[in-house]
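Asks: Below are the chains, spelled out letter by letter.
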Amino acid sequence: MSSKSAAAIGVSAVRSPSVRASRTLWNVLFYAVAIVISAFMFLPFFWSLITSFKPDDEIFSMPIRWLPSRLTLEHYRNAFTTVPFGLYFWNSLVLAVAGVVANLFFGSLSGYAFAKLPFRLNKPLFRILLAAMMIPGIVTMIPSFYVLKHFPFVGGNDWYGAGGNGLLNTFWGIILPGASGSFAVFFMRQFFLTLPSDMMEVARIEGCREFRIFWNVYLPLTKPALATLGIFTFQAGWNSFLWPMIVLNDPNKATIQMGLQAFSFNHQTDFGPMMAGALIAVLPILVLFLLLQKYFVQGIAFSGIKG
Amino acid sequence: MASYGKLTRHQSRTAYLFITPTMLLFLVFTVIPVVMALYLSFTNYDVLSRMKWVGTDNYKRLFGDVLYWTTFKNVAYYTVVFVPLNIALSLGLAMLFNFRRPGVRLFRAMSYMPTLTSAVAAATVWVWLLHPEYGLVNTMLGYVGVTGPAWLAQTETAMLSIILVTLWQTVGSNMIIYIAGLQGVPDYLYESAKLDGATAIGRFRYITWPQLRPTTFLVSTMSIIGALQLFDQAFVLTQGGPGNVTKTPVYLIYQQGFNQLQMGYASAQAFVLAIAILIFSLINMRVNKSEESVV
Numbered sequence: 000m001s002s003k004s005a006a007a008i009g010v011s012a013v014r015s016p017s018v019r020a021s022r023t024l025w026n027v028l029f030y031a032v033a034i035v036i037s038a039f040m041f042l043p044f045f046w047s048l049i050t051s052f053k054p055d056d057e058i059f060s061m062p063i064r065w066l067p068s069r070l071t072l073e074h075y076r077n078a079f080t081t082v083p084f085g086l087y088f089w090n091s092l093v094l095a096v097a098g099v100v101a102n103l104f105f106g107s108l109s110g111y112a113f114a115k116l117p118f119r120l121n122k123p124l125f126r127i128l129l130a131a132m133m134i135p136g137i138v139t140m141i142p143s144f145y146v147l148k149h150f151p152f153v154g155g156n157d158w159y160g161a162g163g164n165g166l167l168n169t170f171w172g173i174i175l176p177g178a179s180g181s182f183a184v185f186f187m188r189q190f191f192l193t194l195p196s197d198m199m200e201v202a203r204i205e206g207c208r209e210f211r212i213f214w215n216v217y218l219p220l221t222k223p224a225l226a227t228l229g230i231f232t233f234q235a236g237w238n239s240f241l242w243p244m245i246v247l248n249d250p251n252k253a254t255i256q257m258g259l260q261a262f263s264f265n266h267q268t269d270f271g272p273m274m275a276g277a278l279i280a281v282l283p284i285l286v287l288f289l290l291l292q293k294y295f296v297q298g299i300a301f302s303g304i305k306g
Numbered sequence: 000m001a002s003y004g005k006l007t008r009h010q011s012r013t014a015y016l017f018i019t020p021t022m023l024l025f026l027v028f029t030v031i032p033v034v035m036a037l038y039l040s041f042t043n044y045d046v047l048s049r050m051k052w053v054g055t056d057n058y059k060r061l062f063g064d065v066l067y068w069t070t071f072k073n074v075a076y077y078t079v080v081f082v083p084l085n086i087a088l089s090l091g092l093a094m095l096f097n098f099r100r101p102g103v104r105l106f107r108a109m110s111y112m113p114t115l116t117s118a119v120a121a122a123t124v125w126v127w128l129l130h131p132e133y134g135l136v137n138t139m140l141g142y143v144g145v146t147g148p149a150w151l152a153q154t155e156t157a158m159l160s161i162i163l164v165t166l167w168q169t170v171g172s173n174m175i176i177y178i179a180g181l182q183g184v185p186d187y188l189y190e191s192a193k194l195d196g197a198t199a200i201g202r203f204r205y206i207t208w209p210q211l212r213p214t215t216f217l218v219s220t221m222s223i224i225g226a227l228q229l230f231d232q233a234f235v236l237t238q239g240g241p242g243n244v245t246k247t248p249v250y251l252i253y254q255q256g257f258n259q260l261q262m263g264y265a266s267a268q269a270f271v272l273a274i275a276i277l278i279f280s281l282i283n284m285r286v287n288k289s290e291e292s293v294v
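Just so you know, the sequences run in chain order F and R.
Letter by letter, the first sequence follows residues 0 to 306 of numbering that gives the first Met the number 0.
Letter by letter, the second sequence follows residues 0 to 294 of numbering that gives the first Met the number 0.
To be clear, the hints were calculated from the coordinates, so they are not data collected in a lab.
We put the CB at the ideal spot given by N, CA and C, even for glycine.
Hints are supplied without guarantee of correctness; some may be wrong.
As the list claims (entries may be wrong) - Calculated cross-link-like contacts (lysine-lysine; reagent style DSS-like; alpha-carbon spacing at most 25 Å): (1) R:Lys59 / R:Lys72; (2) R:Lys51 / F:Lys148; (3) F:Lys122 / R:Lys5.
As the list claims (entries may be wrong) - Some residues of chain F that are not near chain R, with every Cβ distance over 10 Å (derived): (4) Trp89; (5) Val93; (6) Ser179; (7) Asn215.
Said to hold, decoys possible - Partial list, computed: chain R residues near chain F (C-beta under 10 Å): (8) Leu6; (9) Arg12; (10) Phe41; (11) Tyr58; (12) Met109; (13) Pro113; (14) Thr123; (15) Val126; (16) Val244; (17) Pro248; (18) Gly256; (19) Gly263; (20) Ala273.
Please model the entire structure based on the sequences and the hints provided.
Replies: Okay, here's the thing in structure tokens:
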């Protein structure tokens with residue numbers, strides 16, 4: 000064993016110029032592969048951006064023009080005037096922000112309880128929440144629709160849940176089912192577990208009430224976790240498509256994803272405005288990513304560690 | 000001692016108060032729907048008329064429903080191609096971008112960017128990229144002398160196009176998960192393997208891959224569950240066509256339930272799909288387990 004490693008060291012000392020050459024080769028290879036991959040991943044962004052600023056005749060030119068001869072905002076104007084993209088943008092923003100606020104508050108409230116407070120059903124209830132994360136969304140889709148439609152006392156429903164449309168076609172129908180996701184509870188619980196418990200004891204001796212201990216002592220310490228969870232939730236809310244399409248019928252309540260889908264379905268050859276719309280639909284997340292990159296990565300890495 | 004008990008009781012009362020909103024929402028929007036899902040599948044619920052118990056009629060109808068099994072075949076094909084490719088590509092990317100080299104953070108960010116897009120926006124852009132005449136993909140194929148197909152309009156390539164688009168969109172986040180996993184593999188394993196003269200392939204086979212098993216298990220489980228519920232991309236890219244080759248079970252359930260309002264029948268379809276997801280996940284678990292004994 001030791002003679003073998005000594006021999007290896009001797010060999011590497013003799014061959015050092017060739018080792019250096021092969022290292023350079025590896026570096027060249029690494030950058031070549033990395034650049035090709037990155038270019039492929041980035042190309043759709045580049046191409047949709049270019050298309051959205053190209054005049055119409057250059058979009059359909061053969062052979063294709065990589066760079067436009069002049070830039071035009073016509074497609075953006077076009078997209079915003081044919082359909083109310085501004086309104087859709089606002090609707091999506093309201094829904095996504097409401098989802099973030101609700102998940103941060105309820106998620107950290109129950110995450111704190113599960114991590115820091117003793118109660119008999121702590122373990123069993125938490126296990127049930129965790130297990131429920133594995134239930135595929137398709138199972139609850141139709142019954143959740145039923146629950147929303149027959150929600151008592153709202154949307155013209157009587158106490159028995161009949162007569163009206165309940166929470167269908169309202170923003171509550173999107174916000175409430177996702178207001179306290181199991182993921183948010185789990186995520187916040189794991190973070191609260193890493194915080195020491197003796198601050199709680201000190202605060203209690205000082206006569207602090209339980210909610211204030213949570214709100215003023217512990218919650219401020221979880222800011223990085225809240226940022227990560229907030230971004231995660233915002234992205235999920237902003238990008239969701241099927242459920243809003245089921246719940247919202249009123250065109251004035253449509254989200255940006257629904258608006259974009261309807262637009263590209265109805266204007267199948269207007270690629271300029273289509274690309275403009277698609278870019279508008281991804282813009283908020285891209286901006287958030289550029290500003291807060293590390294929180295995105297933390298959120299993803301966390302969901303890997305939990306397994 | 001008595002005051003200690005009082006304090007604990009006070010704390011547990013607070014705890015129940017704190018979890019009440021979450022548990023109420025969980026009850027209304029998860030527990031009740033799961034129970035109802037099974038119940039509805041035995042009824043003829045159609046929103047408009049009175050709900051009636053129809054026994055196993057929905058399930059009998061389902062077994063003779065050719066379109067339903069076609070969608071199953073489609074999504075099974077999609078899953079069998081998509082999931083292994085997804086794992087191979089995201090692990091490959093992770094190993095590549097785990098090297099400490101200048102600029103590697105930029106490369107990671109570029110690979111991660113597609114995961115930020117919504118399925119609808121990504122599909123919209125790819126409809127344009129895959130355009131048979133003016134699309135970028137066929138133009139670039141033309142540079143190397145290949146005449147590209149009408150990607151989304153041909154039965155042979157429609158599903159492959161959806162696989163391509165979803166891969167582009169999802170490998171970035173799995174790459175991040177794998178990078179986190181790779182950074183958890185202790186360095187001394189590689190060092191001692193190198194001293195023993197293990198080749199790069201050997202080091203991957205006997206160190207990296209076994210060490211990453213929990214990560215692979217997570218990534219594969221999540222992508223199987225997601226793949227079998229494919230909807231957004233199929234809905235925007237191809238509308239289930241051409242000739243239903245890209246129609247998926249969720250797509251069919253959506254149409255059956257919310258366009259034709261046959262919600263009882265759609266519930267039965269959803270339930271069978273959920274069982275299929277369970278079976279696929281169990282097979283995946285077995286595959287991951289059986290490999291454990293090899294090493």
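Asks: So, against the hints stated earlier in the document, which numbers end up violated here?
Replies: Hint check: 6, 10, 11 and 16 fail, others pass.
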